[in-house]
Structure formats: C-alpha cells, structure tokens
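Participant: For reference, the chains in residue letters:
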Amino acid sequence: MDLATVVGMLSGIACLVAAILITPRGNLGMFVDYPSMFIVLGGTTAALLMNFSIRELAGLGRVLRNAFVSRGISPSQLIADFRRYADLARREGILALERVTGEVKDPFLLSGLQHAVDGLDPDVIQDLMRTELDYMSARHERGVKILRQIGSYGPSFGMVGTLIGLTIMLANLKDIDAIGPSMAVAIITTFYGAVLAYLFAVPLAEKMTNRNSEEMVIREMMVKGLAAIQSGDSPRVVEQKLRVLLPPRMREQLGPAR
Amino acid sequence: MDLATVVGMLSGIACLVAAILITPRGNLGMFVDYPSMFIVLGGTTAALLMNFSIRELAGLGRVLRNAFVSRGISPSQLIADFRRYADLARREGILALERVTGEVKDPFLLSGLQHAVDGLDPDVIQDLMRTELDYMSARHERGVKILRQIGSYGPSFGMVGTLIGLTIMLANLKDIDAIGPSMAVAIITTFYGAVLAYLFAVPLAEKMTNRNSEEMVIREMMVKGLAAIQSGDSPRVVEQKLRVLLPPRMREQLGPAR
Amino acid sequence: MDLATVVGMLSGIACLVAAILITPRGNLGMFVDYPSMFIVLGGTTAALLMNFSIRELAGLGRVLRNAFVSRGISPSQLIADFRRYADLARREGILALERVTGEVKDPFLLSGLQHAVDGLDPDVIQDLMRTELDYMSARHERGVKILRQIGSYGPSFGMVGTLIGLTIMLANLKDIDAIGPSMAVAIITTFYGAVLAYLFAVPLAEKMTNRNSEEMVIREMMVKGLAAIQSGDSPRVVEQKLRVLLPPRMREQLGPAR
Amino acid sequence: MDLATVVGMLSGIACLVAAILITPRGNLGMFVDYPSMFIVLGGTTAALLMNFSIRELAGLGRVLRNAFVSRGISPSQLIADFRRYADLARREGILALERVTGEVKDPFLLSGLQHAVDGLDPDVIQDLMRTELDYMSARHERGVKILRQIGSYGPSFGMVGTLIGLTIMLANLKDIDAIGPSMAVAIITTFYGAVLAYLFAVPLAEKMTNRNSEEMVIREMMVKGLAAIQSGDSPRVVEQKLRVLLPPRMREQLGPAR
Amino acid sequence: MDLATVVGMLSGIACLVAAILITPRGNLGMFVDYPSMFIVLGGTTAALLMNFSIRELAGLGRVLRNAFVSRGISPSQLIADFRRYADLARREGILALERVTGEVKDPFLLSGLQHAVDGLDPDVIQDLMRTELDYMSARHERGVKILRQIGSYGPSFGMVGTLIGLTIMLANLKDIDAIGPSMAVAIITTFYGAVLAYLFAVPLAEKMTNRNSEEMVIREMMVKGLAAIQSGDSPRVVEQKLRVLLPPRMREQLGPAR
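Protein chains in written order, with the working numbering: chain A, -14 to 243; chain B, -14 to 243; chain C, -14 to 243; chain D, -14 to 243; chain E, -14 to 243.
If we strip away everything but chain A, and leave its shape as in the complex, we get (with noise of 0.2 Å):
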C-alpha cells in the first residue's frame, strides 16, 4: 500500500472542508450541485470514450492499483543475485544458469535468461531486451496518458459548465434574487474541474510517471547485467555496471562493491 498517495488524497480532501467550515458563513451543501457533477464528470467520461480504445479505458483500473499499491522489485537483492548468476556463469559457464531460473519471477529477466541458456546470440538477446523496453515504455506512458487527459478533460468541461451556469443566469438577470445562486452553481463546476484534476488526476499522473522511471532504472539493470555476464565479466565489474545507475545514497548502504 503506497500509505502517501492515500493520506495525500485524504488528507487533501480534508484541507478543503476544513477551509469551507473555518471559513465564515460557508458550509458544505454551498458545493454540491448535480447539474455541476454530470457536467464535469458525464464530459470528461464521454470526452475519454472518444479519446481512447475500450480496451485502454479497462487498463485504467490496473494503473490506478499501480498508483497505490507500492512493489517494485529491490535494486540491492538485484544486485546480489546477478552477482550470484556472474559467478556461476564463470565457473560453470552460461548454461549453468538453467539452474536459476526456477528463482526468477520477474518475467522480462526470466526470458533474457531462457535466451542466454538457450545460445541465442548476445547482440539478439540485447535487441530483443531493449526493443521490448521501448515498447513497454511506450505503452506506459499511453496508461498514464489517460490520467493526464483526466487533468485536462476536468477543467475544460468545468468551464464548460461555467459558460451554461452564466448563460442560463444573464437570461434571467431581472430575477436579481436568482443571480447569486446560480451564480455559484456556475462556479463550482469549475471548482469540480480544478478538484478532479489537482486531487486526483494530475498528482496520479505524475506519481505513476516516476514509479515508471524507477522501473526502467530496475531493467536497465536487468539488460546491463545480463550483458555484462555473457560478455564474461567478473562478479565485481558486473556489480560496478550496475552500481553506477543507482544514487549514492543506495550505493553507501549497499556498501563498498566487493
């Protein structure tokens, strides 16, 4: 459970109803108005039908767990298996990491490893790795794409139910009573559109870029160290390639490269 994407939200929340009630005379039935939520939230639903694929729109679920759920797979425990699978491999050569692959559960390092036991070429295997990175990334990137046309989605049809709210209150001005009112309907649609996009889309967005790029720092890893032990490298130089692509902070506890 990634506990700062739910007290950062919550707690968000939070700060706004707070400032309403502190704030004299406010209180929270002022903000809830349905003509205002179908428009910002019926909009950006039809405006995301048209943007994006069915079938990309039903990924979204997936990449919201991923905005919560905090994993990702240690770089210190990568570290210290490719420094066991070096050593192995210059004792008792490439094919003796069949042995490994029973332990590895990560999927894209497993077939990189198939491939070396399997004697494909290193030059392939690398071209097979990397296209897959770019790709993987790309598709990425398209995921989190939907949390961003949500950020931009939001506040255009929040305006868009300003500009109704304003058109339906000038139509009627001599009713001066009414003014005030609709008026204010008019402005919490923008205020639904500013709330759905910095409590929840844009902040989301941005999380699952950086979990993305800590990902790829992790395959880049991968792809290094599976090139490093076919090019024969010693269990040291491997762990110095993929050393370097780690912050010094994380270098320091993993200790000096032995």
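None of these hints come from the bench; they were simulated from the model. Just so you know, not all the hints are guaranteed correct.
Computed beta-carbon distance windows for the label pairs [stated by the list, open to error]:
#1 N195(E) to L239(A): 49 to 59 Å
#2 P233(A) to Q62(E): 20 to 30 Å
#3 V202(B) to V(-8)(D): 46 to 56 Å
#4 D108(D) to P92(E): 54 to 64 Å
#5 R69(D) to P233(A): 21 to 31 Å
#6 P92(E) to P9(D): 53 to 63 Å
Below, simulated DMTMM-like cross-link-like pairs (lysine to aspartate or glutamate); rule was C-alpha separation at most 20 Å, straight line [said to hold, decoys possible]:
#7 K130(A) to E126(B)
#8 K159(A) to D162(B)
#9 K130(C) to D160(E)
#10 K209(B) to D108(A)
#11 K159(A) to D160(D)
#12 K130(C) to D119(E)
#13 K130(A) to E200(B)
#14 K90(B) to E237(C)
#15 K209(D) to D119(E)
#16 K209(B) to D119(B)
#17 K90(D) to D106(D)
#18 K209(C) to D112(B)
#19 K209(C) to D106(B)
#20 K209(B) to D119(A)
#21 K209(D) to D108(E)
#22 K209(B) to E199(A)
#23 K159(C) to D160(E)
#24 K130(A) to E237(B)
#25 K90(E) to E199(E)
#26 K159(E) to E200(C)
#27 K209(E) to D119(C)
#28 K209(C) to D119(B)
#29 K130(D) to D106(A)
#30 K209(E) to D108(C)
#31 K90(C) to E237(E)
#32 K159(E) to D162(D)
#33 K159(D) to D162(A)
#34 K130(B) to E200(C)
Note that the Cβ used here is the ideal one computed from N, Cα and C, for glycine as well.
Start from chain A and add chains B, C, D and E according to the hints.
Facilitator: Coordinates of chains B, C, D and E only, in the frame set by chain A:
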C-alpha cells in the same frame, strides 16, 4: 464501427443537454444563437482554409472515418502468418514466399515480400520500408493536425465572438434591459468553441494519434519480421522478435512461444 | 495563386462582418478605434523590429508571397525525370548526365547533378546536399517565425491596450456615461489582436510550415534519387526508392512501378 | 552560503510588504487569512504526497540546502590537477595514479581513477562514467521536479481557494456588507499561491537546474580528462580538451595553455 | 549599433504614449504609480537573484550590449579567407597556415588553425571545436535565459500586484470613491509587467537567440572549412562546402563558385 467514439460523443451531448434542462430556469433555446454559430464555425473554417491546402482538408473525411471505424490487423494473426512464412522460407528458400503474396492484403507488407522475392538486398528492403514508415507516420500526424487546429481555432473564435458581443453590449450600456441577453450571446460563442474543441476535435485527434501508434507497432512488426526471415531466423526466433513488441497481456493470450 | 488562402482570409472577415451586422444593435462603426489600432499594430511592429534583424523582416514579403502563391515541383514529374536520368546513367555512364543539366531548373537538384558530373565522391555529394537541406529548413523555419511572433505579439499588445483602456476608464469612474464606450474601446484592442493572430498570422504560419515540409519531401527525393543513381541502381529501384516517400493515393495515380 | 538566493528571497518579500504599506489604506493584516493558508499550503502538500514517494519528498531538504549553499569544484583547480595527473601518468605509467587517489575527494572522479588504476578498459570506464552521469542528471532533475510541482500546485490551489471563496460569497450575496471582505479573502488565496510560486518554488527550481548544468560541465571535464590521460595525451593536450568546455572569460583568467 | 532594436523600443514606447494621449480623458500621469513599480521591478529583481548566480546576472550587461550592437563576421569574407587558406595549404602544406594566424582575430578560428599547425590529428581538432561549440551554444542560451525569465517574472509580479491592489480595494469597498482609482492602480501593475515583457525582455531574448544561431552558422563554417582544408580539398570544394550553409540570396551575391 468504433462504438466508444460514437457513444462518447452522443453521451457527452446528452450530458450537457440534461444539465441544461435540470438547472432551474434553463432551457435549450437559450443556447441557440445564429451570429455565434457564424463566428465559431465560419471563423474556424476560414482559418482552416488558410492553414491547410484544399487537398489536405479534403482528406479530413478519411481521417474522421478512421476515428469512427475500428479496423486493423490482428497482431496474433500477423505472428501466426510470420511463423508460416519463416517456416516456408527455411524449408524452400526465400523465393517460395512468392506463393503467399496472393493472400497478403496489406500493401505495405506485400511490397516488402515482393522485394524479398525479387532478391533485393535485405538492407535495401529495410531502408525502403523504414523510409516509407517515417513518411507515413509524418503524413498521419499531419492529417490529425487538422483536428488539432479545429480544437485550437474553435475556442479562439469563441473568444473573438465574445469580444464582439461585449463590444456591442458595452456600446449600448444605457439600454439596461439588453445587457443580460447580449452578455448571454457573448458567452454562447465561447461555449460553442469549447464544445467544438472538447466534445469533437481534441478527443478525436487524440484517438487518431493512438490509432496511428498502434498501427506503427503492427508495421514495425512487419519490418522486423521480414528482416528476421531474410536473415534466416527459425520460426521460433521470428516469433520471439515480434512478441516483444506486444503487451504481456496479449502475449499470454497467444500462449507460450512454440 | 493559392485560392484556399485568399478565400479563407476573405470569408473569415466576411463571417465576422456578417455576425456583427446580424447581431441586434451591432454596427461596424463600433469596431473602429484609432488608439486601439495604434497600440496593436504599432506595438507589434515595434516588437518585431526588436525581435528580428531588418534583413529578416525584409524577407517577410517573400514568405507571405509563398503563402498565397502555390507552386512546387510535381513528385510524379520528378520520379519520371529520375527514371530517365537513371536509365541514361546506366547506359552511358554518370558523365552523360551533363546533357540533362540544361533542362533542370531547380538550383538544388542542378548543383547536385553537376557535382555528380564533376566526379565528386557520392558521400561528399550526399553530405553537401544534406547540409544544405538542414540549413535551408532552419532558414525557412526562421522566416515562418516572424508570422508566429506576430501571432504572439498581436494578442499581447491587445492585452496591453485593454489595460490602458481599463486604467483610463477606472480613473474616470465617476463619469458613468463614459464607462460603456471606454470599456468597449478597451475590448476592441484585444479584438484587433485576436483577429491579427487567428485570421492572419497563425494560419499563415501553419500553412508555410506545411509547405516547407512538403518541399522537404521533394528535396529528400532528389537526394535519395541522386544517391541511388550514383550507386548504379536500375531505373526500377530508383523509382521504388522515391515512391516510398509518397502517400499511397499518389502512388496509385502513378500506376505500378515499371 | 549562496547570498544571492537569500538576499533575493528576503528583498522580494520586503518589496511586497513595502508596496502594501505605501499603498493608501493598505495594511498587512488584510493579507493574513487562515482558511486561505489552509487551502494553499494544505492542498499543495497533499498533492505533493500523491505526486512523489515519501523517499523523494524527504530529499527536498537536501535539494533546498543546495539552493542556498554555494559549493562546487573550481574548474581551474580541476584543470591544474588533471595536468598533474597527465604528467604523472606519462612519466611513470597509469598505475602511478594510485598515489593521487588519496587526495581526491569527489567520489565520482575517485571511482574513475580507481578503475583506471585497476586496469579496466578505457571504453568500459567511459561507459561506466557516462552511464553514471546520465542517471545522476535524471535524478537531479527529479529532485528539482518537486520544486517545479510546488510552483504548479501552489497557483492551482490558489485558484481552488478563490473558487471556494467566490461560491461562499455568491451564496450570501444578499448580505452586501460581506461581499468586499469575502472577495478579498477569495483573492488572498490566489495571492498566496502566486507568492509561493514566484518568490519560492519557480526561481529555486531554476537555480537548481542551473547548478546541475554547471555540475555536469565539471563532471564532463572529469570524464574527458580521464579518457585523455588513458589515451596517453600530453598534459598540454589534456588541458586543451578541458579548456574548451569553459567560457572564454574563465579561460583568460587561467592564462594561455602551457 | 543595431538600429532596429533601438528604433523598435523607442517607437513601441511612443506608440503607447500616443495612444494614451489620443484616448479621450487619458493622460500619462494616470500611468505612474510607485507601489506598482516597486512590486514589478522589485519582485522581478528578487526572483532573478534567486534564479541565477551573481556571476550570471553580472553578464546580463554583456548580453544586452550584444542585442543593441550589431557585429559579426561576414560570411563572404570568411569564404574568401578559407579559399586563400586552402590554396596556401595545398601549395605549401598545412604548416604554411602559420603565416596567416597573425591576421585571424576570432579566437575560435585562431585556436583551430593553431591546432592544425601544431599537427594535431584532424579528428581531435574537429572534436575539440565541436565540443567548444556545444558548450558555447549552451552558455549563450543561458545568458538569454535571464531575459526570458524577466519576460516571465514581469507579468507574474504584475499579477501579484494586481492581487494586492484588489485585496486592498475590496477591504475598503464601502468607500465607493476609492474603488475606481485603486482598481486603476491594481491594473497598472499588470500593465507594467506586460510592457516589461513585450517591449523589452521577450523581443530582446528572441533577437539574442537569432543572433546566436547566426553566429553558430559562421562557427560551423569555420569547423567545416578547417576539416576540408585538413583533408586536402581544393579551394573550389572548400568553397562549395561552406556555400551550402548560406541562403541562396547570399550565394548569388557571392557570384558562382570559382
């Protein structure tokens, strides 16, 4: 028929209509204004004529059809085909591919296969195919550009119309009864521009861009597959080289590489 | 004459005029204001003078002529010509190309052919031609930049004028009769800036950019064609190498590669 | 201590305070509003929690310290050092560099030197160092991203607060005495967001980006210098290769290359 | 003296002054407000101090001088010089270039020539010169960045001032006589920010960027020219290689390549 696009557009309009009707004192008649339509649709059309050549604009129909009609080559079928071609080429030589050219419908793949049968150098074929892909992709992006510019000119002329409405209203400020309705008219123009952008041009442009990237993945598979066959790869390796371009989900559906 | 550009500009202006006239109480006289013109046209001109060198600004006329006059080399003619050159070069040697230099009007292609006849190394010619293309493309983009900056400075000075108008109005707020008209004046300046941008500068800049990319496709065909001839390709292969740059529609019109 | 950052921030606040005080009827008390602080600071913090991982946010302190503390390796000292290393390596061989590793404080340069002493292949060392630089630069940019997002979320929640304030005010429109003060409150939220962005987050983010590019120049000098030493360049050529990265002004201060 | 810059700035200010004076009831005194100046100039200066190092800000004077003073090496003179060098190098060998180093004023070209005379490898010289160009170009862009940030902070602090003015006005809303003038003051701050941006910072930044690209063309000619001489090209080929970087117009003025 790409249902998502149609359902999205219709439900978006339905949402706005419903929101107008359930707002107290709102009715649809308030949102019909001929000068505003003139400004937004006329101005946008005029700017498009200046922006694009007649030939490019005439292609907009084809671009839109692509947004509403879902089509495309299935990646799993393509992989199965390439396994077959690879098998054939291995057993009977590249020239045997001539027999399958009759069944290939896609002109891009067909011309690649024919070049291979004609004995063109693999490097030359790769170069021809990639050059064609580059220019194809640039042309697609220019077709989508028309939609993007509608999404940009629409709100711009919406604003121009609002300025016209405001100027007329302010010049007649003494006539207090006229303020409300003419302000409403001024705002309707911006409303038209926003609807044209967010329930038509922008999401359709994004859908076309997504479609184009999916098509490019398919075409890249064709280029990579043909190169693999020409370099004499086994059907298994050919399949591997194509599978890495696909999302894990789709690969699972294909079953393990045979 | 590029009719689309002319028709677009005239019809855009006609739309705005018509919309003003059919709006109740609207008349064209309300939209004529000399201080506003001063601010938008004067300010934009001043900023352009600061932004560009006199020599670049003097080239704007040429840039604009290109936007209104449609011209350009036909790709199908170019392909036919290159088939002929390839045929000639194959049968009588590269030097025989000297005979066709008289008929070539385009200076870029002409200098490439002359280098080939002069016996320059194919790599050197490719390098010369591509360097020229890179710098040509950068120069074109800088010519278009003037139009883009008009599209940016116009609305900016429109806003400056609005601020001037608002300040004057607010300093005279007690004179209630003056509010409406001076507000109108303030808004007209923004209107002028928007029209300058959206019915002149922005679409023309986009058209020029489109033209430039089309021209670059033609020039790329020249570079690729000459390289193919120098490497001794058959007329059929030369044609193939040029055709892949064209859209399928245009290729169909050309008929199958002979 | 980077005085410019401190002086800039303090003088910016002083300017705003002075401007408030010298404006007729202005006093600082008008600009203190607790709900507004709640919305801007609380909302921004909430969005940051959703946007970044706890570990990244915890690094913000370090990022900020870098913005206020000026530090860094002097290029002229680095060039003098590299001349010395080059001289040593030429006269006594690469292994003699082991003697200077004790005086090198920078861990990046130190590890490069140790790799050279360990006899790693120059290409491998270059590859290790450049990979480390790429990932270092990406990490730095992600640290700066926190500041950039504060500069983006601050004004966004300022706008959210304004919408809240406007809604409350409009719902109480009949109470005319309340309009002015509650509008002021609505506007103060935007004011807080703007100050957070323009007198804190945006300029600090830019300073960090500048610092990072300067650091990258220094690190590039280390990579280029080590490569030059390993390829056996004379001290004079090593110095030449490092000097070209510096501005002419700094080179003049160094005197002519010896 | 770059007259265009000076004339542009003066005529821009004249336009605004004239527009203010010819607007009924407008006078220049309305546009002088000390708190507004404080906020815009003080705030922008403060943000610049936080954004850049003192050393970078101190270089702004030099950057500005370049915007007002037109200078630069003539391409036609450079081509003539390179023909001469090529001729000399062909007849008497590369070392004979030593004789012309006395007449070369540009330090970049001079150091390249000296390296050639010193017998450095052509690849090393190319590498040195291109590295220097890359870092030179990055430094120029960072100098221009100061102007760009003035163009961004100016309007930002204009908005901050407007928010301050609005808050003070709204807190004193009962004093109806004060509304107009204090609103005017609020708007003047935005006006100052816009003028600072659009009649000073933005066009000057663009002019500097244009100048830098022109200078980069000249420097690229130097790199290409020296490489051509070192590879033993004839004066005619050297000239050809430099001419392709120039616009056709300028090439015509040079006459045909001899």
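Participant: Decide, hint by hint, whether the structure agrees.
Facilitator: Now the hints, each set against the structure:
1. Our hint of 49 to 59 Å for N195(E) and L239(A) holds, since their Cβ atoms are close to 50 Å apart.
2. Between P233(A) and Q62(E) the C-beta distance comes to about 52 Å, which lies outside the given range of 20 to 30 Å.
3. Between V202(B) and V(-8)(D) the CB atoms are about 54 Å apart, so this pair conforms to the stated range of 46 to 56 Å.
4. Between D108(D) and P92(E) the beta carbon distance is about 33 Å. The supplied range of 54 to 64 Å is therefore violated.
5. The hint said 21 to 31 Å for the Cβ distance between R69(D) and P233(A), and at roughly 26 Å that hint holds.
6. For P92(E) and P9(D), the hinted distance range of 53 to 63 Å is satisfied, since their beta carbons lie about 57 Å from each other.
7. Annotation: proposed proximity of K130(A) to E126(B) holds, straight-line Cα distance about 18 Å (limit 20 Å).
8. Restraint check: the Cα-Cα separation between K159(A) and D162(B) comes to about 8 Å, which is no more than 20 Å; the hinted pair holds.
9. Only pairs whose Cα atoms come within 20 Å are accepted, and K130(C) paired with D160(E) is rejected, the gap being roughly 50 Å.
10. For the given pair, K209(B) sits about 15 Å from D108(A) by alpha-carbon distance, which is consistent with the 20 Å threshold.
11. Annotation: proposed proximity of K159(A) to D160(D) holds, straight-line Cα distance about 19 Å (limit 20 Å).
12. This hinted pair does not check out: K130(C) and D119(E) have alpha carbons roughly 23 Å apart, beyond 20 Å.
13. The suggested pairing of K130(A) with E200(B) holds, with an alpha-carbon distance near 18 Å, which does not exceed 20 Å.
14. This hinted pair checks out: K90(B) and E237(C) have alpha carbons roughly 15 Å apart, not beyond 20 Å.
15. Simply put, K209(D) and D119(E) have alpha-carbon atoms about 14 Å apart, close enough for the 20 Å limit, and the pair holds.
16. Using a Cα cut-off of 20 Å, the hinted pair K209(B) and D119(B) holds, with the two alpha carbons roughly 15 Å apart.
17. For a cut-off of 20 Å, the pair hint linking K90(D) to D106(D) is broken: about 23 Å separates their Cα positions.
18. The hinted pair formed by K209(C) and D112(B) meets the criterion: a straight-line CA distance of about 11 Å does not exceed 20 Å.
19. At most 20 Å may separate the alpha-carbon atoms for a hinted pair to count; K209(C) and D106(B) meet this at roughly 17 Å.
20. For the suggested pair K209(B) and D119(A), the alpha carbons sit about 14 Å apart, so the restraint of at most 20 Å is met.
21. Between K209(D) and D108(E) the CA atoms are separated by roughly 15 Å; this keeps the pair inside 20 Å, and the hint holds.
22. For the given pair, K209(B) sits about 29 Å from E199(A) by alpha-carbon distance, which is inconsistent with the 20 Å threshold.
23. Note on K159(C) and D160(E): the hinted pairing holds, with a Cα-Cα distance of about 13 Å set against a maximum of 20 Å.
24. About 24 Å separates the Cα atoms of K130(A) and E237(B), which puts this hinted pair outside 20 Å; it is violated.
25. For the hint pairing K90(E) with E199(E), the CA-to-CA distance comes to about 18 Å; that is within 20 Å, so the pair holds.
26. Between K159(E) and E200(C) the CA atoms are separated by roughly 65 Å; this puts the pair beyond 20 Å, and the hint is violated.
27. Straight-line distance between C-alpha atoms of K209(E) and D119(C) comes to about 14 Å, which keeps the hinted pair within the 20 Å bound.
28. Straight-line distance between C-alpha atoms of K209(C) and D119(B) comes to about 14 Å, which keeps the hinted pair within the 20 Å bound.
29. For the hint pairing K130(D) with D106(A), the CA-to-CA distance comes to about 40 Å; that exceeds 20 Å, so the pair is violated.
30. About 15 Å separates the Cα atoms of K209(E) and D108(C), which keeps this hinted pair within 20 Å; it holds.
31. Simply put, K90(C) and E237(E) have alpha-carbon atoms about 15 Å apart, close enough for the 20 Å limit, and the pair holds.
32. Between K159(E) and D162(D) the CA atoms are separated by roughly 8 Å; this keeps the pair inside 20 Å, and the hint holds.
33. Annotation: proposed proximity of K159(D) to D162(A) holds, straight-line Cα distance about 8 Å (limit 20 Å).
34. A hinted pair counts as satisfied when its Cα atoms are at most 20 Å apart, and K130(B) with E200(C) qualifies at roughly 18 Å.
When held up to the earlier numbered hints, the structure conflicts with 2, 4, 9, 12, 17, 22, 24, 26 and 29 and fits the remainder.
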